[in-house]
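*Asks:* Here's the letter readout for the chains.
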Amino acid sequence: MTYQFSFAWIIQYWPVLAKGIGITLELTLVGAVLGVALGTACAWARALGPNWLKPVVAAYVELIRNTPFMIQLFFIFFGLPSLGVQMSELTVANLAMVVNLGAYSCEIIRAGIQATPRGQFEAGASLAMTPFETFRHVVLLPAMRRIWPALSSQIVIVMLGSAVVSQIAVEDLTFAANFIQSRNFRAFETYIVSTLVYLVLAIAMRQILSGIGWVLFPGRKA
Amino acid sequence: MSLIAITEVKKRFGSNEVLKGISIDVQPGEVIAIIGKSGSGKSTLLRCINGLETIDDGSISVAGAQLLPDEIHLKALRLKVGMIFQQFNLFPHLTAGRNVMLSQMVVKKTPKDEAEAVARKMLDRVGLSQKFDAYPEELSGGQQQRVAIARALAMSPMALLCDEITSALDPELVAEVLAVVRELAAEGMTLLMVTHEMKFARDVCSRVVFMHQGRVHEIGRPEDVFAAPKTVELRQFLGLH
Amino acid sequence: MVEFTLWDILRNLLLATRWTILLSLVSFVGGGLVGLLLLFARIGKRRFARMLAVGYIELFQGTPLLMQLFLAFFGLGLVGIDVPAWLAAGTALILWTAAFLAEIWRGCVESIARGQWEASASLGMGRLQQMRYVILPQALKIAIPPTVGFSVQVVKGTALTSIIGFVELSKAGSVVTNATFLPFTVYGLVALIYFALCWPLSKSSQILERKLNVAHRDH
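Residue numbers (our numbering), protein chains in the order written: chain A, 1 to 222; chain B, 1 to 241; chain C, 1 to 219.
It is worth saying that the hints were derived from the structure and are not from the lab. Treat the hints loosely; a few may be bogus.
[As the list claims (entries may be wrong)] Below 30 Å or equal to it, Euclidean Cα-Cα: the simulated DSSO-like pairs (lysine-lysine) are:
id	chain 1	residue 1	chain 2	residue 2
1	C	K203	B	K75
2	B	K230	B	K10
3	C	K45	B	K80
4	B	K109	B	K75
The shape of chain A in the complex, shown without the other chains (with noise of 0.2 Å):
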């Protein structure tokens, strides 16, 4: 007996998978923009912040980048509701995505700042600017144009993990596989088929972040 693949079931279909790819970009989208931000101000703080705010930071960064993220899902999911924070299942999609982006990308972006010369600080000093405002205009956008590939490669990551927020019943790409596979009984093929939609959306994002990249950070490569 040999197995007998099929994929016309794809046509009958195709909406939910739409709506799961929907999904899918929608909380990358949210995770990207908002994690960016997170990261950002992160990093300030590491860098620059209140002495009291550092370990603070520090703590938070370590913590995230060592546990799985489906456990710091799991975690705002089932475990916050306890203490009476309830939230849709969207919401906790989101906000895990970005807690997650967050902790790395204030990793990246540090990397980023601290490979900056240090006569950049100190020409922004001797120009009356704040340790701030030479931070936010001479700091900030060459280290952003340094680490862009880094940053672009973790916004990929995050997109490919969020496939777990299928587990609290978030509708992505994922949730509309395993519905998918549930109702036609063909498990492989219907795996087969959001693997490659995935791994279409993976190159394709690159592809955008890198033009996002030459957008925003114009100029000469550091």
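Following the hints, put chains B and C in place on chain A, whose structure we already have.
*Replies:* Relative to chain A, chains B and C alone:
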């Protein structure tokens, strides 16, 4: 019979032809200096002779054997011709002695004690017998380059190619390396060297090749080339007006 | 109703942690071996093997590990009849780890200066000899910090195998939560155990990296 026969060699990088038909015959025991501006193709020529670059046209043969770009022929060629690089390229994870021993053991399958004996002899020849156990990072540039020479000599090549071997050195270290080369020349080693040391070229070399825009522009004995350059380009290069 | 003490919870989680550790070790070692083969294909001279390796790495780095686990689970099911979760989990994690390690190591090999290849070639060494005696010994040293760093990703990656039914730390977390109705405590402890496994690896990777940088600056 010439030891190295270079015949009508052409080499292109993309659309840029860097060697436009070079022919030079090198006799055993000759010391030849190749001079010229940067970009004249002199380093490329040397790299072609060692098979580090493939040639697009023409032929190179060493001791009668044709240079062909497959691994067996390349290996045979490289056993006959050693090369010294501008940046020394010592293996940083091995001591000076090990640097000299490695290829004897790996390529020629020389037993370890024999390879070590050869290594000690070669390091002694370049005046570094006491540095056998030193790592490259512990040596000065001049010492590193002398180890590199010992490493090439340990393979008992018929000729040595020297690619600007003093250009990366601090001025005060140039002399010790040139002294080694001078000694090799005196012992009858065939040398083909790209160099900016004009005085050395004049004193030690049997012939000087002036390359210009991918061609051999002038060739001759140093006293002729340096004292009576025939072309405007060579006069300019030598700073004569 | 049965009362669970904190110790009951912790003991159950720690017992399951053994499986997390074992799966991590198997994935890391197996992935390292497959990764080495991939590396040689990726930097070798044969064009076909090179393209195959590029495609493999792209595929495994560009898709979710969770999907790879599903595919291993249901794909192996098409071949055999009954796939135990540990087999699917181990297979997927090994293949996934291999892709990342191969890519990390390729970066290390390519960071070795071109002059090292040229000098060893000019001494008559063949490609394998150059690799064995000159390039790999140097690349290995640079490769240690990022390789140790990636082991953290492997440990965290094993958490996903709970979804296809492999009983390890995360799965135990769900089970214990369902029995105790103490999700905050249980998932908090699960997170701390993962942290205790991963943080020393992260830290040693950083320390090794710093040592290497200092050594390089001294050159």
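*Asks:* Would you mind marking each hint as holding or not holding in the structure?
*Replies:* Hint check:
1. K203/C x K75/B: violated (45 Å)
2. K230/B x K10/B: Holds - the C-alpha atoms of K10/B and K230/B are around 25 Å apart, at most 30 Å.
3. K45/C x K80/B: holds (25 Å)
4. K109/B x K75/B: Holds - the C-alpha atoms of K75/B and K109/B are around 14 Å apart, at most 30 Å.
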